[in-house]
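**Student:** Using the hints provided, position chains P, F and Y relative to the given structure of chain V.
Chains as they are written, first to last, in this note's numbering: chain V, 1192 to 1361; chain P, 20 to 388; chain F, 22 to 196; chain Y, 38 to 457.
Read the hints as simulated data drawn from the structure, not as lab findings. Heads up, a few of these hints could be off.
Some chain V residues judged to face chain Y by a derived CB distance under 8 Å, without partners named [stated by the list, open to error]:
hint, residue
1, G1196
2, L1226
3, L1227
4, L1241
5, M1249
6, L1264
7, A1266
8, T1270
9, D1319
DSS-like, lysine-lysine: derived pairs with alpha carbons at most 27 Å apart [claimed, not checked]:
hint, chain 1, residue 1, chain 2, residue 2
10, P, K106, F, K165
11, P, K106, F, K25
12, P, K47, Y, K135
13, Y, K141, Y, K205
14, P, K71, P, K106
15, Y, K205, Y, K135
16, F, K25, P, K71
17, P, K159, P, K292
18, P, K47, Y, K141
19, F, K55, F, K25
20, P, K292, Y, K436
21, Y, K141, Y, K131
22, F, K165, F, K55
We put the CB at the ideal spot given by N, CA and C, even for glycine.
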Amino acid sequence: MDGAGVGIAFWALAFVTLGAAGGVMVSRNLLHAVLLLIVTFIGVAGFFVLLSAEFIAMAQIVIYVGAIAVLMLFAIVLTPRTIRDNSETAMVGPAILLGIALGTVFLFVIYDTEWAVVASDPALSAEDLGKALLSTWVLPFEIASVLLTAALVGAIMLVRTSEEEAEDDA
Amino acid sequence: MSEIVQSEPFVMNIGPQHPSTHGVFRVKATVDGERIIDAEMVIGYLHRSMEKLAEERTYTQNIPFTDRTDYLSSMSNNLGYCLAVEKLADIEVPERGQAIRVIMAELQRVASHCMGAGAFANDTGAWQTPIMWFMREREKILDIFEMTSGARLTCNYMRIGGVAFDLPESFEEEVRAFIPAMRQTIDDGEGLLSGNEIFIARARNVAVVPHEMAINASLSGPMLRGSGVAWDIRKADPYCGYEQYDFEIPIGYQGDAYDRFIIRIEEMRQSLKIVEQALDGLPGGPHSTEVPLALRPPAGEAYARIESPRGELGYYLVSDEGPSPYRFHIRPPSLINLTVLREMTVGGSIADAIVALGSIDIVVGEIDR
Amino acid sequence: MATKWWSGAELAAAAERLVPGSVARTSETACALKPESALQTFRALRDDPETDFVHLTNLCAADYWDHFEVVYHLQSLERNQIACAKVEAWEREEPVVPSVVDIWQGAWIQESEAYDLFGIGFEGHPNLTRILLWEGYPGHPLRKDFLAMPGGLQPGLNEFAGTSAKPEPPVHPVQ
Amino acid sequence: MGPLVTDHWYDLRDLSNISREILEGIDKVAPSEVAYIVAPVLGFVAFFLIFVLPSQLIVGVYGERRIIGRMQARRGPNRVGPFGLLQPIADAIKLLQKEALTPKTADRAIMWAAPIFFVAPAVLLFATIPFGPRMIFADIPVALIYFIAISALPVLAAFMAGWGSNNKYSLYGAMRVVAMSVSYEVPLVLSLLAVVVFSSTMSLQGIVLFQADVNLWLVFMMPLAFLIYFISVSAELNRTPTDIAEAESEIVAGYLTEYSGMKWGLFYGMDIGYALAASAFAATVFLGGWSMWGLEEWVPPWMIFIAKTHLFYFVFIWTRGTLPRLRIDQLMAFAWKFLLPLAVFNLFLVSLERLLWVENDIGDGIVFAFAAGNLVASAAAAYLWARLLGYRPERIPTKPRLVREAGGYVPVEGQTGGGE
Chain V
1192 MDGAGVGIAF WALAFVTLGA AGGVMVSRNL LHAVLLLIVT FIGVAGFFVL
1242 LSAEFIAMAQ IVIYVGAIAV LMLFAIVLTP RTIRDNSETA MVGPAILLGI
1292 ALGTVFLFVI YDTEWAVVAS DPALSAEDLG KALLSTWVLP FEIASVLLTA
1342 ALVGAIMLVR TSEEEAEDDA
Chain P
20 MSEIVQSEPF VMNIGPQHPS THGVFRVKAT VDGERIIDAE MVIGYLHRSM
70 EKLAEERTYT QNIPFTDRTD YLSSMSNNLG YCLAVEKLAD IEVPERGQAI
120 RVIMAELQRV ASHCMGAGAF ANDTGAWQTP IMWFMREREK ILDIFEMTSG
170 ARLTCNYMRI GGVAFDLPES FEEEVRAFIP AMRQTIDDGE GLLSGNEIFI
220 ARARNVAVVP HEMAINASLS GPMLRGSGVA WDIRKADPYC GYEQYDFEIP
270 IGYQGDAYDR FIIRIEEMRQ SLKIVEQALD GLPGGPHSTE VPLALRPPAG
320 EAYARIESPR GELGYYLVSD EGPSPYRFHI RPPSLINLTV LREMTVGGSI
370 ADAIVALGSI DIVVGEIDR
Chain F
22 MATKWWSGAE LAAAAERLVP GSVARTSETA CALKPESALQ TFRALRDDPE
72 TDFVHLTNLC AADYWDHFEV VYHLQSLERN QIACAKVEAW EREEPVVPSV
122 VDIWQGAWIQ ESEAYDLFGI GFEGHPNLTR ILLWEGYPGH PLRKDFLAMP
172 GGLQPGLNEF AGTSAKPEPP VHPVQ
Chain Y
38 MGPLVTDHWY DLRDLSNISR EILEGIDKVA PSEVAYIVAP VLGFVAFFLI
88 FVLPSQLIVG VYGERRIIGR MQARRGPNRV GPFGLLQPIA DAIKLLQKEA
138 LTPKTADRAI MWAAPIFFVA PAVLLFATIP FGPRMIFADI PVALIYFIAI
188 SALPVLAAFM AGWGSNNKYS LYGAMRVVAM SVSYEVPLVL SLLAVVVFSS
238 TMSLQGIVLF QADVNLWLVF MMPLAFLIYF ISVSAELNRT PTDIAEAESE
288 IVAGYLTEYS GMKWGLFYGM DIGYALAASA FAATVFLGGW SMWGLEEWVP
338 PWMIFIAKTH LFYFVFIWTR GTLPRLRIDQ LMAFAWKFLL PLAVFNLFLV
388 SLERLLWVEN DIGDGIVFAF AAGNLVASAA AAYLWARLLG YRPERIPTKP
438 RLVREAGGYV PVEGQTGGGE
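Isolated chain V, as found in the complex (with noise of 0.2 Å):
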């Protein structure tokens, strides 16, 4: 992905998701925060594109703005309304102080790692992604599939009605 479009669209998008990611900090409405939280992942969904790597993109949109994103938000309607509020905490003194150490650290292992950039984009299409899955990286992927069966199975076990009340609810 090359030419003048890309330049323009890689300024836009880093302006909306920095945009949206401030807003995330910043908003007192905690459902305006998970809406812009929504908009940053979109937007890195884009960047994603920008490096042509759009089977990744996809996925991010999937599985973040498609499955987590709905997660908070029925956490956020499920909490009663007290709760809802980003409201002002005790905690921001030391918060800042940590972000500031964070940024710092980010910084630092941007400037010191040279990129080793990659003359033509290397073709990574969905098919070489999943001969990898499945040959090289066999292991992480059982293993990450067993750990979502465990944490659905766990979901479930949560939310059953006990057996009696599940009678007369069917």
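**Tutor:** Only chains P, F and Y this time, still in chain V's reference frame:
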């Protein structure tokens, strides 16, 4: 809900402006998620206090009131009131008058059930299609009413002692042309809905009223017959010569919304059968007896009842030899059928509550009088 | 085959047989029961297989100036017979009648309506509130003296004459 | 398969020739940036003329109302313009000049943003759908996942609308739309996975070419996947029989209760846009896209494609006109207990056949045998699984009992009225 996922119930108003409360009727439902914990009905939005007004008008002047209580079956209301006054004043109605009354009451039942069954299909979600078919046929009935009585909805056609005017000439062939088309529409409507799995899933086992509760809660009409109780005033206490006609009463299996729907559909077919038999044997002679305008029935009380499309419609009249009734009470079948609304809706979801309300087939004019 | 309409006397006989001394007055079409033993009589009428009045079709009230009457039309589906029973409440300000809600659940709405429009208290009624009118409504509309204008004038027909006063309370119609 | 279409600009069978000629002309004359900007504009205008105008306006708004009208024994719009064809424009103008209310207690920002967030993905969905051999906006290799990803966005917009309106009915609509879309996403993805496994490519152009090569549409190859796709998509789009998010009879208008004016108009218009996008996607994946067993050499391919889309869209209209609506818990149970196992079974069956086909290197004819086998296997699986879940339709009497005499309770003897 299990003890981990805690959600506190809140009150939700279904009505008075709501697409499927069949008029200005409100259900204050306490809801926990989708399940209804408590349902309390709020009525009275359409209360015109007819019973007070009727005490200041003569017996004949009260007839237009009865059109406006159950505005979906004005002929049946007129018939009920006239029977009560005739019983009070001991007036004989000629043969032809009774046959015309039967034809009109049964046509009105078909028109009312068209509305009831169609609205019920709307509540389960078959949006507008079945009700449009039924409405197309109901229009023909209303045209027939307009041809005979001059009005489509509030006909004011029956008088004490018979009917206001005799049947126009083209009445018979108009009705005979209408009956096969109506039968075809009933089959279409039933074919579209009764066998449909989604309709069965939405209506079967929903809002079940066991027969003991139905009798104890003094329900009547399709509500009572839905629970398997074979009680129809046209058979139990025949009026206007119903004993001459051969027809059956449909009764249900377990008193759920689905049974009440198929009963209303079947009742339409039976009514068409009665209309045909009445038309075949239409006797000649006068259509009504002469009754003085300011009728003064002897002192006493009388209670007469008919099988209106919604149930047992009764009129309790007390006369003190004055020109106007001393006490005029209407037994509203829709209101009394609502006694079991709480038992039907509590425990189910909001969607079931709407289906339950649709299966009772209420008319708010009759509830609030 | 038609419904057998019980006369006042027949109902009085059945009531006396089931609960002796429960009948106050009988008239040609109805039989008035004593309020104190009314509940017991109604329960007996419902449970006795011979009378079998399981279906309370109609319950309404009537105001006869000197007393209120609550009219019950009881019906048996199996035996296809109907009878009319009454309970009278003589005090004008606070008329109280025993509530039959625990005998027939169908009475719940009809008694609330009678309370709403006539002001008859039904003791033993689970939630006796006004259903048709709103809570703060002054007075009970269906009472005879509700719309009485000053000077005892009554709106209405008055023999089609002008607005002469309506005759004083009529002779008791049900005798 | 040789080049279907010549490169001359006048060859209307593939409209991309014209746009390529225009862009090359501009390149000769102006700097490259101008062509860069003209290309999307040109593409959008072409797309609007051949797809949005006939489908969205004529078939979507006008056609649906007329067809449903005819199903309900009434005429449908025929007053505005010849045969009522200008009805959609009249609606739009009416909605534009209506006031878009925002309740005082509503969350203004979210309620304002919801329609925008709802409209954007509707147009994005058409980016990867092939209209012709070379007529495609963006032939990316992951087109299928692109469709699934973008179709998750309107769910969030609907939730924003429902939550922002701060009204009990809207809250119900929002919760229902999210709950239902999440649980119908899984069977949808699994049924499309079966398509990918069989045609071994995720690019929609690749799937269409695969179906043209094998001369068999995937709808005949895997009828179960097609059925599951149809049910899941109608659930995602809130079309009857699964339109419980805007169930008129229960929760007034669901998450659209507080919307009026053009905000509501956007939701209404884009509902049809999504339905058309889903139909276009189904036409591409299951009904062979623009290929029609060789007919595409004579008839322009994009006409074939649009005809198939409208055919599929008619099925949506048909179900909307006739079927009643399911309850939320029945829908959930149906998705998890019935559709999901069948989707997994279908995926297993198709991958087995694919393995058989590729390993032993049999010719393309075997595909028809697979199609027949799949049809039987799918029917058997669906029937047995329904029986397993306790679904006995025949024990539900659809006629009441007829009695001649009036009397008390008539007990039900013999077959009970019970059953699932």
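**Student:** Would you mind marking each hint as holding or not holding in the structure?
**Tutor:** Do the hints match the structure? See the list:
This hint holds: G1196(V) has a C-beta 6 Å from the nearest C-beta of chain Y, less than the 8 Å allowed. Hint status for L1226(V) relative to chain Y: holds, with the closest Cβ pair at about 7 Å, below 8 Å. Residue-level restraint check for L1227(V) is violated (minimum Cβ-Cβ distance to chain Y is 10 Å; threshold 8 Å). With a cut of 8 Å, the hint placing L1241(V) at the interface with chain Y is violated, because the nearest CB-to-CB distance is about 13 Å.
Evaluation of the M1249(V) hint against chain Y yields a held restraint, the C-beta minimum of about 4 Å falling below 8 Å. With a cut of 8 Å, the hint placing L1264(V) at the interface with chain Y holds, because the nearest CB-to-CB distance is about 6 Å. Proximity of A1266(V) to chain Y is violated relative to the hint, the smallest CB-CB distance being about 12 Å (cut-off 8 Å). Because the smallest distance between the Cβ of T1270(V) and any Cβ of chain Y comes to about 13 Å, over 8 Å, the interface hint for this residue is violated.
Nearest Cβ of chain Y to the Cβ of D1319(V): about 11 Å, over the 8 Å cut. The hint is violated. With a C-alpha separation of about 25 Å, the suggested pair K106(P) and K165(F) falls inside the 27 Å cut-off, and the hint holds. About 15 Å separates the Cα atoms of K106(P) and K25(F), which keeps this hinted pair within 27 Å; it holds. A hinted pair counts as satisfied when its Cα atoms are at most 27 Å apart, and K47(P) with K135(Y) does not qualify at roughly 32 Å.
Between K141(Y) and K205(Y) the CA atoms are separated by roughly 15 Å; this keeps the pair inside 27 Å, and the hint holds. This hinted pair checks out: K71(P) and K106(P) have alpha carbons roughly 22 Å apart, not beyond 27 Å. Between K205(Y) and K135(Y) the alpha-carbon distance is near 24 Å, which keeps this suggested pair within the 27 Å criterion. For the hint pairing K25(F) with K71(P), the CA-to-CA distance comes to about 31 Å; that exceeds 27 Å, so the pair is violated.
With a C-alpha separation of about 17 Å, the suggested pairing of K159(P) with K292(P) holds against the 27 Å cut-off. Taken as a hint, the K47(P) and K141(Y) pair is honoured in the structure, with Cα atoms around 24 Å apart against an allowance of 27 Å. The straight-line distance between the Cα atoms of K55(F) and K25(F) is roughly 25 Å, inside the 27 Å bound, and the hint therefore holds. With a CA separation close to 17 Å, the supplied pair K292(P) and K436(Y) stays within the 27 Å bound.
Of the pairs offered as hints, the one joining K141(Y) and K131(Y) holds, with about 24 Å between alpha carbons and a cut-off of 27 Å not exceeded. Taking the CA atoms of K165(F) and K55(F), the gap is about 24 Å. The hint holds against a cut of 27 Å.
When the structure is compared with the earlier hints, violations turn up for hints 3, 4, 7, 8, 9, 12, 16 and for no others.
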